[in-house]
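*Asks:* Whenever a hint applies, use it, and build me the whole structure from the sequences.
2 protein chains.
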Amino acid sequence: MIGRAFAPSHITGFFYAYDDDDSTKMGSCGCGLTLDDGVITEARAADITEIYLNGKLSSASTTRTVIELLANRPVRVDSKLAFPVGGGFGASGAGAFGTALALNQALGLKKTYNELSYTAHSAEVLNRTGLGDVAGMTMGGIVIRLKPGTPFILDRIPTGQRDIYCIHFGPISTKSVLSDPKEKAAINDAGRKCLKSLIKEPSFEHFMGLSRQFSVSADLVSGRALDAIEAVESRGGMASMAMLGDTVFSTIPDGLEDFGEVLKSRISLTPAHLI
Amino acid sequence: MIGRAFAPSHITGFFYAYDDDDSTKMGSCGCGLTLDDGVITEARAADITEIYLNGKLSSASTTRTVIELLANRPVRVDSKLAFPVGGGFGASGAGAFGTALALNQALGLKKTYNELSYTAHSAEVLNRTGLGDVAGMTMGGIVIRLKPGTPFILDRIPTGQRDIYCIHFGPISTKSVLSDPKEKAAINDAGRKCLKSLIKEPSFEHFMGLSRQFSVSADLVSGRALDAIEAVESRGGMASMAMLGDTVFSTIPDGLEDFGEVLKSRISLTPAHLI
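Protein sequence lines, in the order shown, are assigned to chains A and B. According to our numbering, the first sequence is numbered sequentially starting from 1. According to our numbering, the second sequence is numbered sequentially starting from 1.
Pairs of lysine-lysine, BS3-like flavour, derived with a Cα cap of 27 angstroms:
#: 1; chain 1: A; residue 1: Lys111; chain 2: B; residue 2: Lys200
#: 2; chain 1: B; residue 1: Lys147; chain 2: A; residue 2: Lys110
#: 3; chain 1: A; residue 1: Lys111; chain 2: B; residue 2: Lys147
#: 4; chain 1: A; residue 1: Lys196; chain 2: B; residue 2: Lys110
#: 5; chain 1: B; residue 1: Lys25; chain 2: A; residue 2: Lys200
#: 6; chain 1: A; residue 1: Lys110; chain 2: B; residue 2: Lys196
#: 7; chain 1: A; residue 1: Lys193; chain 2: B; residue 2: Lys111
#: 8; chain 1: A; residue 1: Lys111; chain 2: A; residue 2: Lys80
#: 9; chain 1: A; residue 1: Lys193; chain 2: B; residue 2: Lys110
#: 10; chain 1: A; residue 1: Lys200; chain 2: A; residue 2: Lys184
#: 11; chain 1: A; residue 1: Lys147; chain 2: B; residue 2: Lys25
#: 12; chain 1: B; residue 1: Lys200; chain 2: A; residue 2: Lys25
#: 13; chain 1: A; residue 1: Lys110; chain 2: B; residue 2: Lys193
#: 14; chain 1: B; residue 1: Lys193; chain 2: A; residue 2: Lys111
#: 15; chain 1: B; residue 1: Lys200; chain 2: B; residue 2: Lys147
#: 16; chain 1: A; residue 1: Lys25; chain 2: A; residue 2: Lys111
#: 17; chain 1: B; residue 1: Lys147; chain 2: A; residue 2: Lys147
#: 18; chain 1: A; residue 1: Lys196; chain 2: B; residue 2: Lys111
#: 19; chain 1: A; residue 1: Lys200; chain 2: B; residue 2: Lys111
#: 20; chain 1: A; residue 1: Lys182; chain 2: A; residue 2: Lys196
#: 21; chain 1: B; residue 1: Lys147; chain 2: B; residue 2: Lys111
#: 22; chain 1: B; residue 1: Lys110; chain 2: A; residue 2: Lys200
#: 23; chain 1: A; residue 1: Lys147; chain 2: B; residue 2: Lys110
#: 24; chain 1: A; residue 1: Lys110; chain 2: A; residue 2: Lys25
#: 25; chain 1: A; residue 1: Lys111; chain 2: B; residue 2: Lys196
#: 26; chain 1: A; residue 1: Lys182; chain 2: A; residue 2: Lys25
#: 27; chain 1: A; residue 1: Lys147; chain 2: B; residue 2: Lys111
Note that these hints are calculated values from the structure, not bench results.
*Replies:* See below:
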C-alpha cells in the first residue's frame with residue numbers, strides 16, 4: 001500500500017515565537033498564507049528507512065522525526081518539492097505533514113487529521129525547522145495563528161484565490177535566527193503588535209502591509225529583499241519577505257522581474273490532504 | 001462593491017444534538033462530508049433587502065437572519081444552489097455562510113472567517129434549519145464535530161477527493177424531526193455511539209458504515225432510502241442517508257440508477273471561501 005499526500009507551501013508574513021520544553025506546546029502566533037505549489041509525498045513500507053527529496057537521498061531531519069514518531073516499521077518516503085528548502089516556504093513542515101498523512105494511509109495507522117498534524121508540528125519544533133507552518137497548512141488560505149503549539153487555535157482572513165509572485169535569493173536558517181535571544185525579543189515585540197492590528201482589520205491588504213512593516217521592525221529583511229519590495233511598491237503592488245527565508249512575496253510580478261526568476265503561484269484554499 | 005462566495009454542500013452521516021438557549025452554544029456533534037457542488041452567493045448594497053434563490057425571490061429565513069445580524073443597511077443577496085433545499089445537503093447553512101462571507105466583502109465589515117462562520121451557525125440554529133453544517137463547511141473533507149456550537153472544535157478523517165453519488169427523493173424538515181423529544185433521544189443515543197467508534201477508527205469506510213448503522217438505529221431512514229442503500233450494497237458499494245433529507249449518498253452509482261436521477265459529485269477538500 002502506498003500513501004500519497006499533498007501539503008501546500010506556507011509563507012509566514014509576521015510571527016512571534018513561544019519556547020516550551022514540551023514540543024506540543026511550543027510554536028508561534030502570527031499570520032501566513034498557503035500556496036498551491038507545495039510538496040507531494042509518497043510513503044510505503046520498506047526494508048530500511050530512506051527519505052528522498054526530489055529523487056535524492058536526504059537526511060531530512062524533520063521528516064525522519066515524523067517517521068520515528070509514527071511508523072512501526074522501516075519506510076521509504078519520497079517528497080517532491082515545488083519550492084526551495086530554506087526559502088521560507090515551509091518546505092520542511094510540508095514534507096513532515098505530507099509524510100504523516102501518507103504514512104497513516106500506507107500503514108493503516110488509524111490517526112485523525114489533527115493527530116497527524118500535531119505530530120508533524122512536534123517534529124518541526126523538535127528540529128527547530130519551523131514553528132507555525134504546519135498549523136497554516138491544516139486550513140489553507142490566509143491563516144491566523146492565535147495560540148502557539150497544539151491544539152491549533154486558528155482563524156482566517158476571508159479570501160479567494162489570488163495570484164502571488166515570489167522571488168527567492170537564498171536560504172535563511174530558522175534555527176539560527178531563533179537562537180539569538182536579542183533578535184528573538186525584537187521579533188516577538190514586533191509580531192505581537194502586528195497580530196493585534198490584524199485582528200482589528202482582517203484584510204489581505206492589511207496583512208501585506210503589516211508583514212512589510214514587521215520585516216523591517218524585526219530587522220529580518222535583507223538589503224536585496226528590501227530593494228525588491230520597494231521595486232514592487234514603485235509599480236503599485238504590495239510585497240514583503242517570507243519568514244524565514246530570503247524570499248520576497250508580492251501581489252504583482254512587476255518590479256520583481258529585475259531581480260531574477262519570478263515564481264508565480266496562487267493562494268491555496270485547500271489544506272494538506274491525501275491524493 | 002459586490003461580494004461573492006462559495007460554500008460547499010455538507011451531508012451529515014450521523015450526529016447528536018445539543019439544545020441551548022444561547023444560539024452560539026447550540027449545535028450538534030457528529031461527522032459529515034462536504035461536496036464540490038454547493039452554493040454560490042452574491043451580495044451587494046441595495047435599497048431594500050431581497051433574497052433570491054436560483055433567481056426567485058425567497059423568504060430564506062436563515063439567510064435573512066444573517067443579514068439582520070451582520071448588515072448595517074439593506075442588501076440584495078442572490079444564491080445559486082447546485083442541490084435541492086431540504087435534501088440534507090446543508091443548503092440553508094451554505095446559503096447563510098456564503099451570505100456572511102459575501103456581505104463581509106461587499107460592505108467591508110472587517111470580520112474574520114471564524115466570526116462569519118459563527119454568525120451563520122447562529123442563524124441556522126435560531127431558524128432550526130441545521131445544527132452542524134456550517135461547522136463542516138469551515139474545513140472541507142470529512143469533518144468530525146467534537147463539540148456542539150461555537151467555537152467549533154473539529155477534527156477530520158484524512159481523505160483525498162472521492163466521487164460521491166446521490167439520489168434525492170424529497171425533503172425532510174430538520175425542524176420537525178428535532179422537535180420530537182422521543183425521536184431526539186433515540187438519535188442522540190445512536191449518534192454518541194457512532195462518534196465514539198469513529199474516533200477509534202477514523203476511516204472513510206468506517207464513517208460510511210457507521211452512518212448506515214445510525215440511519216437505521218435512529219429510525220430516520222425512509223423505506224425508499226433503505227431500498228436504495230441495499231441496492232448499492234448488493235453491487236459492492238457503501239451508502240447511507242443524508243441527515244436530514246430523504247437523500248441517499250453512495251460510493252458508487254450502481255444500484256442507485258434504478259431509483260431515479262443520480263447526482264454525481266466529489267468530496268470537496270476546500271472550505272467555504274470568497275470567489
